[in-house]
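**Student:** Residues per chain, in single letters:
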Amino acid sequence: MPQHNLMHRGSLVARAYTSPMKTTAVLVRLRLVLPWMLPLVVLFASGAVHADQLSVPDTLQQRIAACTTCHGLHGEGSPGSGFFPRLAGKPAGYLTLQLQNFQRGLRKYAPMQYTVRQLSPAYMREIAEYFAAQQVPYERTSVPELAPSVLQRGEQLVTTGDPALKVPPCQACHGKALTGTEPVVPGLVGLPYDYISSQLGSWRTGTRASAAPDCMAEIANRLAPADITAVSAWLASHDVPSNTHAQPAGSITPPLSCGVLDGRGNGA
Amino acid sequence: MKNFRVLWIPAVLIVMALALWWWLSHETRTTSASTQDPALAALLKDPAEIAKGHYLATAGDCVSCHTVQGGQPYAGGRILPTPFGNIPAPNITPDPDTGLGDWSFEDFWRALHIGVGRHGELLYPAFSYTAFTKVTREDALAIFAYLQSLPSVHQPSKPLGLSFPYNVRTGLTAWRALYFKPGVYAHDPAQSASWNRGAYLVQGLGHCNECHATRGTWGGTDSKAQLSGGQIPALDWYAPDLSTAANGGLQGWSKQDIVDLLKNGQSSKGSAFGPMAEVVASSTQYLHDDDLQAIAEYLQSLPPRPKPLPDSSGFNSASLVASGQEIYAQRCANCHGKDGRGVPDVYPPLDGNSSVMEPSGINATRAVLLGGFPAVTQGNLRPYSMPPFAQQLSDAEVAAVITYIRQAWSNHAGAVQERDVIKYRHTPID
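Which chain is which? The protein sequence lines are A and B, in order. Just so we're aligned, residue 51 is where the first sequence starts under the working numbering, counting upward by one. Just so we're aligned, residue 294 is where the second sequence starts under the working numbering, counting upward by one.
So that you can see chain B by itself, here it is in the shape it has in the complex (with noise of 0.2 Å):
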């Protein structure tokens, strides 16, 4: 099945290289005129401008993959593995040689809005741009005049990670041709202005549907499955369906459910570990509160969801549900409690909890052989943690352990088994 698929590509790729190459070339013409308004370099040193830029690209959490661990902020160097390769993040600091110094604006709003590098290069979608063509060529500006004001750091760019083909960025026309829509967000005259500026955040700067959703072969995200839920790959977490309504990952979140947990980084309904407590530490946590209520009203407007379909594995989980309760009395119940509610603001409950319940299993079993904190936030400074059990539990136990708290309570997700532990045991951390 896939070989057919990669037979058509080629060709498709030759036809759409050609006509993006004469469309850049055309665009390009237009953008050079204005570098040198005299207004524009005046905006792009203005205080108040590089202030609300800092906002913004907090929001877009800029400096989380655009900074290695412990290095100078902005100034690239992390490798975002992805199942086609690594692709490094560059240096966005103002240094000419090696960052943003020589971009106009115009270079950086095609960036942005359209992915294309400065040199007419197609940029890999490892780089938000998907979800960051949504925002106004206004936040774009102020985005720009504050990278532009960082300290600039001389640092060059790593080499791509990827191998033939997908190392050859005219390949990537094709796939954007079926999963990239470029465009700033529309505003819904139907719904308040504080749901518009949700979804602004949400679907824009706040890319969550980059990770919040399933990614088929190529990579892209099905633009009808928004924010539904999927596997994040090459990481191996998998981040829930974000719908509050019924069936939905969220069902009985409120509101102040979902700001507790994009500001503190723990609510009543669960904590954010993995993946999600770095969205949480390097930008939701710094959001006023009205754009956090935004984003709690969006998503509690997403649709309900189709009813999960009956487990058809024909798996017994009897035996392993038994033997699990067990453990769980033994191991567990000391925090999360026999009934699976935890302990307000200091164990999360597994009752109800969307990363007990989510289809594939993965986050359960993890949080279980990896333990460890929460998000470390400005309203949760010193967060208790959870013991690692790899060493404690075998295979056989940590999927009794799971399959237990999965059917548990009010839970009712499918069972995990032995050959999926094995899997996650180990899957490297990053």
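Chain A extracted, bound-state conformation (with noise of 0.2 Å):
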């Protein structure tokens, strides 16, 4: 199991506030090496010794111990399969999209559903914001083995689309290196495998939605199983650039309606 050395991250030390809770400093000076489930549960025994008041430090990262036991102490997600997705360094307006349409229902993922149903609007959005300032190297993930010609027809669709199946090229809308557009587009480098052919497959089945038009469940639905293989093997075995920040906002013109970009689009 990949291991995670927390003495390097800065932010244990909490910020004294003058708040009502008596927040003392808790500053961890143990090296401490964990195992990768239990980032928080154990650094707290360890860190914050308890006489007869627990000392909690009066931070985000400390309120929210629901979504980094499954998600990382920094959305770096779980290492490899993607199971937990990566939430470190995505757009904050796509971050808080997702967290909006689990406490909708139109994402489905039960224990999510519970864990965000209770957060309000202001909330969520400090939340994503916590994640999407996170910075956490990208790690290279493993792909199945599959023929050249499988991976040609990957970047096709990445990069010039499919006008007989009117799929647009990715690029359209995740930017020229594919690292996202601001607000609400997410990159596409960087995920396993396991995750894009995953979420792929589930705006085909209607696990996941997002506002109408959604314009990810037409795209999901008029490829083919094999070129869903094809995409997300070419994306996960792509290199990630060196600058992985997203596009500014309004440097696309998407090729198809999206709801979440305002309906803006050329239609098809």
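Because the hints were derived from the structure by calculation, they are not lab data. Do not rely on the hints blindly, as some may be mistaken.
Derived list of chain B stretches under chain A, where covered just means 3 residues or more per stretch with a C-beta under 8 Å from a C-beta of chain A [as the list claims (entries may be wrong)]:
1) 420 to 426
2) 661 to 670
Derived list of chain A stretches under chain B, where covered just means 3 residues or more per stretch with a C-beta under 8 Å from a C-beta of chain B [to be verified]:
3) 106 to 112
4) 168 to 181
All C-beta atoms in this analysis are idealised placements derived from N, C-alpha and C, irrespective of residue type, glycine included.
Could you fit the two chains together into a complex? Lean on the hints.
**Tutor:** Now the structure itself:
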């Protein structure tokens, strides 16, 4: 199991707010090497040594222990599989939108839906901004062995699309460098194969949806199952560029109309 | 047993349906005249009346059932699951085709007070009219004025998700005879004005008893066991006994604890989660302080409860407790404290917590599996959360740690076994 060194994550120093919670600053000096799943819980037990009264850091990171248990302390996601997706560095607008979609039941995963159910719009936005601001290096993930022709097909879909299937190039919205477009189009680089293919699959089965017209549902349904394998494999094996920031807002003309882009687009 | 009970139902049903039909057809005649009343029409447009109605509709939490997640407020569409099937809440905005646009106040009064729809059809008690019947005519009028002032939304009602025989509305006649007594709240002159206000809100608009009481086979609540706690059918949450007296679910809760919970979603005794978080977030946090004080005063007057019977299952929980204690020290004590006392305003105590102690063990089991946030309120805008343990602990481990917290410190509730955890691991979250 991959190990995380938590020593360098400076944000463990609690901001000593003048809040009613009588927070004391907690500094974790120990070098903790922890298994991935339990970063917070164990860290807490060894760092914040408690006598009678526990002292709790008044930080957002501490408040969102529920989220970080699955997504990692910095939104790094579960290593390798992407079962718990990476959140770090994704556009804040995109992350907020996903939280809203889980809350509305448009996107379905029961534990996520339960966790976000109570959150207010302002709190969701604050949490999204926390994860958007995290900088975590991308890891290489495994991709199934496929014939070169399959990867070529994947590249074709990403860069030129397939007019016969009415599938526009992914780059048209996700950006030339595939790092996404502010505020709501996420990047497609550095995502694991399993995650990309399962998301495209869930648009087809209706377990993921977004504001109508749902352009990604349109695209996922126009792709053949073999195309989903091809495009996911090519994206997952594509090198992550050195600058992973999303393109500025307004820098694309979506070739399909997307509800989350205020319905702008060229139709088709 | 159950089959015998079903046999006599059709006969009773027919007789009662006839009686009700006769009664309703007479009721209807007396009502249509008053709809023309110009004084009433003016009152329905009065801003003060509308504001009063807004407050009362909030106390009744009408919005939470009558709004689908992320949808237009009061436009209906939310599906209420019951053991008999799914019942959609209708659109109650003033849209003439799909909402209450064409309704007179008398139509509305009959729905709220006697649970009968505009065309004389019997309404399902998933609509809490068994509680709303206590609401005064005056207050009902204000609520109606408020609903009629909402922007109208065109949204047709969803079809009933019930199958035979439950989809036959006249079948409710027998149910109503057993479990429904229409009647406005009767003021108790022996009690203070504030106590009466609390009783009115709890029994009426607050419809607390709809969740906080045990339901029988036919989904009715026992009138003798008001607010004494029960499992919410089809939701699999346990709404605890609300008595603060000896052996009560809220034993030891001060007035302030109750007010804090209803206003902020957390108190020094526990926090609101699951369905209660929703009640606090959409309803009770907005109640005025004097109304919250009144509710607390009334709850504090509920009688003591009988001592629970000693565990007769013969199940020896000693080894569960031992392994549970270890898990607790590793996974839980960092937030809830070794002594189970939590951290004020941050992490709820588990010692004496009603959701740890409630008889079924469901709440603690699901809280541990799901983790999550308590209610977000004006008084607690950025609550702390609990990690979900579903992926980290096996069913046996969850059973052990729950059994431990149910028997540690001053707690003394029965064991939770592995098979109980298996049952609730995959309960739908709605």
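**Student:** Evaluate each hint against the coordinates.
**Tutor:** For each hint, the structure was consulted:
1. 420 to 426: Result for this restraint: violated, n = 0.
2. 661 to 670: n = 7 at 8 Å, threshold three: holds.
3. 106 to 112: Answer holds; 3 residues pass the 8 Å Cβ test.
4. 168 to 181: holds (count 6)
Hint compliance for this structure: hint 1 alone is broken.
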